[in-house]
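Protein chains in written order, with the numbering used here: chain A, 1 to 75; chain B, 1001 to 1690.
Each hint should be verified, as a subset may be incorrect.
Stated by the list, open to error - List of simulated lysine-lysine pairs, DSSO-like, C-alpha gap at most 27 angstroms:
(1) B:Lys-1486 to B:Lys-1382
(2) B:Lys-1418 to B:Lys-1382
(3) A:Lys-43 to B:Lys-1281
(4) B:Lys-1525 to B:Lys-1418
(5) B:Lys-1486 to B:Lys-1660
(6) B:Lys-1281 to B:Lys-1382
(7) B:Lys-1169 to B:Lys-1139
(8) A:Lys-43 to B:Lys-1382
(9) B:Lys-1558 to B:Lys-1618
(10) B:Lys-1490 to A:Lys-43
(11) B:Lys-1525 to B:Lys-1490
(12) A:Lys-43 to B:Lys-1653
(13) B:Lys-1141 to B:Lys-1164
(14) A:Lys-43 to B:Lys-1131
(15) B:Lys-1281 to B:Lys-1131
(16) B:Lys-1386 to A:Lys-43
(17) B:Lys-1273 to B:Lys-1486
(18) B:Lys-1418 to B:Lys-1618
Unchecked claim - Only part of the chain B face toward chain A is listed, based on derived beta-carbon distances under 7 angstroms:
(19) Tyr-1063
(20) Thr-1099
(21) Leu-1283
(22) Ala-1286
(23) Asn-1491
Note that these hints are calculated values from the structure, not bench results.
Each residue gets a CB set at the ideal place from its N, CA and C atoms; glycine is no exception.
Residues per chain, in single letters:
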Amino acid sequence: MTILDLAPSQVGQIISLDGNPDFNSRMMEMGFCSGIEIRMIQKMPLNGPVKVRIRNGIVALRQSDASHISIRLNA
Amino acid sequence: MPDSKHSIALVGNPNSGKTALFNILTGLNQKVTNYPGVTVERNTGGARLENSHVEVLDLPGTYSLVPESQDEAIVTEEFMNWAKDENKPDCIVSVVDATNLKRNLYLTTQFQDLGIPVVVALNMMDLAREKSIHIDCEKLKENLGVFSVIPVSARLGEGMEILKRSISKAFESKEVVPYQFPIPEPVQNAILPLQNWYRTHHQYSENLSRSLAIRTATGWNTNSIAFPDHSQIDESRIELNKIGFPFESLEPTLRYHYLDQVVPDTDIPIDQKSRSEQTDKILTHAWGGPLIFLGILTFIFQAIFSWAALPMDLLDGGIATIGNWVSARLPDGLFRDLLVEGIVGGAGAILVFLPQILILIFFLTLLEDSGYMARVSIMMDKAMTKVGLHGRSVLPLISGYACAIPAVMSTRTIDSWKERLVTILVLPLMSCSARLPVYALMIGAFIPNTTVFGYFGLQGLTMVFMYFLGTITALILSLVFSRWIKTERKNSFIMELPPYRVPLMRFVFQQVYSRGKLFVTDAGKIIMAISIVLWFLASFPKVDSGDQHTIHTSYAAKIGKTIEPVIAPLGFDWKIGLGLVTSFAAREVVVSTLATIYNVENGEEDIVSLSAAMKNDKDPITGENIFTPLVALSLMVFYVYAAQCMATFAIVKRETNTWKWPLIMIVYMTSLAYFGSLIVYQGGLMLGFS
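Build the full structure now, drawing on both the sequences and the hints.
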């Protein structure tokens, strides 16, 4: 599953990134590393960007970007 | 040492507060706002520390030295220069957001590789306290091996003296012990050939060579270093994969692993909702959010009209008083005419619009500084993508309402070249503050001050319509341009949302002041020069032929009348034509041009109110009014579209590195202006308006 499968307020843990190399390295530099927890905050309407809480910040990214971040649900 | 001029460089993530710190250190009014990517180029300023004078360099915010957009590339370029010992600063001040420590320190560790003393300014301590984040600075300093870690709050001005003292001390520490973070031995072995290459070919330090080797293996490309043998990189990558380190994530994996070990855990529980998150529930609500945004924009445009009315009247009266006062004191003659008709009349006509421009800038700064503009970007991203733009295009487009020049520069944060180019191309259609005087003059003089639908002022609505016309055309054209320009687009949008903050009024007013000053001095110089030249053209050759006014036989009239046939179908006479010519340098000049012409025409009498003079201006042959509401409308539409700002084209040339795009802009905008006005005027005549 990816970030997009999270409902608002649901928390997951990043497993891996499978976008292009540029995207992957930028996301990792911004702290999207495997094992890090991520919480869905809001999906903007009409398939707009999603807002997530990661580390101590809030990051918005397009759904096409978010679909490249695989997660698993927290037990 | 007598001449020991030191320099420091400020580096940090977007939104870490670098620019706020820069302002406090230098006392400059560099723009600070709560929007990622406000600093898009290198800024320098001077500061006094202890008893020495230092040069301070402010660089764009970036998450790492692997750049994704043009503003970030500046930082990497600077880093590589310092690696070569060129313009190397004596101290790096790494500005770190204390509420998001590890993510911010990632960049800090990259800068440590240079062997320059690093002072960590642990910024936003006020927010950290609010969130109950406690950081042991001494321990953090030891663990990271930086020169010092100083808690500060740039917004509140806290900790600045201690920071300055620490920077001064850093200058004296000549020997910096290079701090090398540990990496697993198999990784070290895999990248050793690359590391050795940097070491031998560039004489970089062990530390820097190792980091550059890691970065190269991770996939970093740079033009500044040509790595000759790509097979060596491939070999290292194969080796890394063998030992279970996917090369694409090598550098972030290593650095974050290290940071996880040495940085105390300051993570806020993942399900704890911040106050900004609560606020966002309303402000970025699915349909409430866009509605609120629309409401805010409407409010701003209403305010521009209603709040500015009084100060504008006062200024107008003041300028007329000055003109009459000067004219009463000075003896008759050329000098008095020049002063009163050319300078006071021309430049004064523009100054009247300063209150409106200041109000506009005030609100735009508030929107950015509060953190709201970042939300607007994500709310609008979907719609923007539909017309070929980008969520990050919203801020440049909205700042285009103030001035296209900084707006064009702020497109540097758009990391996809295609969307950036399209944004730049349509930006000048956003009605900038230089059009305000033109709209305001025409509306004030020719649009009746009545209300429609019982509530809205017709004048205000006309103004909103002009802004709407420019904006909607910009959006339509971006769709056209993005179909036409064949470059590949990069389909990605990642943006950190800063926390909401109550704007610091001190900063807001500083910003308003410096923009206002810029308008008065920069625009003032052009306007003054053109007004003087124009006065000469309008006043000579002097003829004395009874009641015949000089102006109709002047050089200015000759120029204007030459182009009159071309613009007559738009409803413009030669005076407006002359205004179109002079305002090619800057739009607002048309107002001072008309003011100068009418004052010259008016000759010996008192300095005249421009709108009154325009209303009374009659065609000498037919006796009909030159200006009618229809002509005013046609002229406003012309100014919505026309390409009339040299400075914008110069900046577009600089940003796109070719004259091709500015030329395309001039052609398409001029065509739009001409045909737009033609349709309005001829269509209006056909419908029986005048």
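Quick rundown of the hints versus the structure:
1. B:Lys-1486 to B:Lys-1382: holds, 21 angstroms
2. B:Lys-1418 to B:Lys-1382: Holds - the C-alpha atoms of Lys-1382 (chain B) and Lys-1418 (chain B) are around 17 angstroms apart, at most 27 angstroms.
3. A:Lys-43 to B:Lys-1281: Holds, because 11 angstroms separates the two Cα atoms, which is no more than 27 angstroms.
4. B:Lys-1525 to B:Lys-1418: Violated, at about 36 angstroms.
5. B:Lys-1486 to B:Lys-1660: Holds, because 15 angstroms separates the two Cα atoms, which is no more than 27 angstroms.
6. B:Lys-1281 to B:Lys-1382: holds, 19 angstroms
7. B:Lys-1169 to B:Lys-1139: The given pair, whose Cα atoms are some 19 angstroms apart, holds under the 27 angstroms limit.
8. A:Lys-43 to B:Lys-1382: Judged against 27 angstroms, a Cα distance of about 12 angstroms means the pair holds.
9. B:Lys-1558 to B:Lys-1618: holds, 19 angstroms
10. B:Lys-1490 to A:Lys-43: This hinted pair holds, its Cα atoms lying about 21 angstroms apart.
11. B:Lys-1525 to B:Lys-1490: violated, 42 angstroms
12. A:Lys-43 to B:Lys-1653: Outside the cut-off at roughly 39 angstroms; violated.
13. B:Lys-1141 to B:Lys-1164: Status holds; Cα separation ~17 angstroms.
14. A:Lys-43 to B:Lys-1131: holds, 25 angstroms
15. B:Lys-1281 to B:Lys-1131: Roughly 20 angstroms separates the two Cα atoms, so the pair holds.
16. B:Lys-1386 to A:Lys-43: holds, 18 angstroms
17. B:Lys-1273 to B:Lys-1486: Not OK: Lys-1273 (chain B) and Lys-1486 (chain B) at ~43 angstroms, beyond 27 angstroms, violated.
18. B:Lys-1418 to B:Lys-1618: With Cα atoms ~50 angstroms apart, Lys-1418 (chain B) and Lys-1618 (chain B) exceed 27 angstroms; violated.
19. Tyr-1063: holds, 5 angstroms
20. Thr-1099: With a closest approach of 5 angstroms, the Thr-1099 (chain B) hint holds.
21. Leu-1283: violated, 11 angstroms
22. Ala-1286: holds, 4 angstroms
23. Asn-1491: holds, 6 angstroms
Consistency with the previously given hints fails for numbers 4, 11, 12, 17, 18, 21, ordered from lowest to highest.
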